[in-house]
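Colleague: Guided by the hints, dock chain X onto chain R, whose structure is given.
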Amino acid sequence: MGDGEGGDKTRRVVFVTVGTTSFDALVRAMDSENVKKELLAKGYTNLLIQMGRGSFVPTKSEREGSLAVDYFTFSSSIADHLRSASLVISHAGSGSIFETLRLRKPLIVVVNEDLMDNHQSELADELAKRKHLYCASPHTLHQTISDMDLNSLLPYAPGDATPVASHINRFLGFPDD
Amino acid sequence: MEKGNGCCFSSVCSAAILSSVSFVVILIFVRVLHVIYRSGRPLSKRASKPVSTLIILGSGGHTAEMLNLLAVLQKDRFNPRFYIAAATDNMSLQKAMLLENSLASESGTDVANTAQFMKIYRSREVGQSYITSVWTTLIAIVHALWLMIKIRPEVILCNGPGTCIPLCIIAFIFKVLGIRWSSIFYVESIARVKRLSLSGLLLYKLWMADQIFVQWPQLQRQYPRATYVGRLM
Chain R
1 MGDGEGGDKT RRVVFVTVGT TSFDALVRAM DSENVKKELL AKGYTNLLIQ
51 MGRGSFVPTK SEREGSLAVD YFTFSSSIAD HLRSASLVIS HAGSGSIFET
101 LRLRKPLIVV VNEDLMDNHQ SELADELAKR KHLYCASPHT LHQTISDMDL
151 NSLLPYAPGD ATPVASHINR FLGFPDD
Chain X
1 MEKGNGCCFS SVCSAAILSS VSFVVILIFV RVLHVIYRSG RPLSKRASKP
51 VSTLIILGSG GHTAEMLNLL AVLQKDRFNP RFYIAAATDN MSLQKAMLLE
101 NSLASESGTD VANTAQFMKI YRSREVGQSY ITSVWTTLIA IVHALWLMIK
151 IRPEVILCNG PGTCIPLCII AFIFKVLGIR WSSIFYVESI ARVKRLSLSG
201 LLLYKLWMAD QIFVQWPQLQ RQYPRATYVG RLM
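Line order of the protein sequences matches chains R and X. Numbering of the first sequence is given in the UniProt record's numbering, commencing with residue 1 and proceeding in unit increments. Numbering of the second sequence is given in the UniProt record's numbering, commencing with residue 1 and proceeding in unit increments.
Bound-form chain R, shown alone (with noise of 0.2 Å):
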């Protein structure tokens, strides 16, 4: 899995996307030392963060031998802030985690343990034993950031429509073509 192409060779920046809603959580779990620590650690120089319409706001940083840290709420260009990144943080909303993964980005999944109706643990749950991405979750990704080893994960290959639009043509009695 690569890492940020092109530009400045020594610049690996960590992207965070929490998608259109807010997830605090997440947000203050990237702003924690422990989190920031083992960023470093493995090498990450940036550390970028779309936080959508949370209320938690992280500490700014550009100080020498430390995570340059910064943030925004919403951007249109999320895919180009993908496209940079050397290691993608996202929630565990299916169109961030495929997007990412066509982009062929390590991709570590944060849960959100609030929601009401949590079935998007078991998208994430599935692929990461699938080996595509890891599972964590706010309280353990530091853990998770520690342990994770990047060439492990396999590459996502994507699906296909073909199959179920040719079962609708013949269902609706279309000749195949």
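Heads up, a few of these hints could be off.
[Claimed, not checked] Partner residues aside, some chain R positions facing chain X, computed with beta carbon under 8 Å:
| id | residue |
| --- | --- |
| 1 | Ser94 |
| 2 | Phe98 |
| 3 | His119 |
| 4 | Thr140 |
| 5 | Ile168 |
| 6 | Gly173 |
Simulated from the structure, these hints should not be mistaken for lab results. Built from N, CA and C at the ideal position, the CB exists for glycine as well.
Modeller: Using the frame of chain R, we list chain X on its own:
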């Protein structure tokens, strides 16, 4: 004596009402069973004409999955296309318009001839409690009825969340009443690995969808009437 006559008359009367009501109930019941029986089966006659298609867009990940399916469907067969998305969802219709606009410019036709875009009140927002969703579902059903009378699609493609439920229920009632026969295809979200979503479960348990696609083999083993032929994402 008179009293006895009145009593006799009213009992004859109520017996007549009772038997005609039960006749109608049995008739509807038989018709519902017939519709369910026919629904799960492929259409017997060969399709030669294009079919009007209603595409119900969920939101976020749901819409992305649906657009992946649309990308490979034959646009000349599934034509015209009606897109419906929740009123609170601004992104989904935009994405569908983007797709339709590029299709139209490729073929040099006018989008208005092949596609229409509509919004609908949603029955349940993500995170809304199940109790208040009873009321919001009622409002959604009335609006859905209005839209369905206008569209009367031959094919419905949907993939949750709750937006599609009122529309599918109305489509089913239209089938029972003989207003319009529509084939309902529901694709369960790829996020569902172990259990069907509430929408998927409703359509499955009520036998309302013609075909339910799931995207994980272990889910198909749990719901044998569902179909697994791979993933959309």
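Colleague: The structure should be examined with respect to each hint, and the outcome stated for every one.
Modeller: Here is what the structure says about each hint:
1. Ser94: 4 Å, holds
2. Phe98: Hint on Phe98 of chain R: holds, closest Cβ of chain X at ~5 Å, below 8 Å.
3. His119: 6 Å, holds
4. Thr140: Result: violated, 21 Å to nearest chain X Cβ.
5. Ile168: Holds - the Cβ of Ile168 of chain R comes within 8 Å of chain X, reaching about 6 Å at its closest.
6. Gly173: 4 Å, holds
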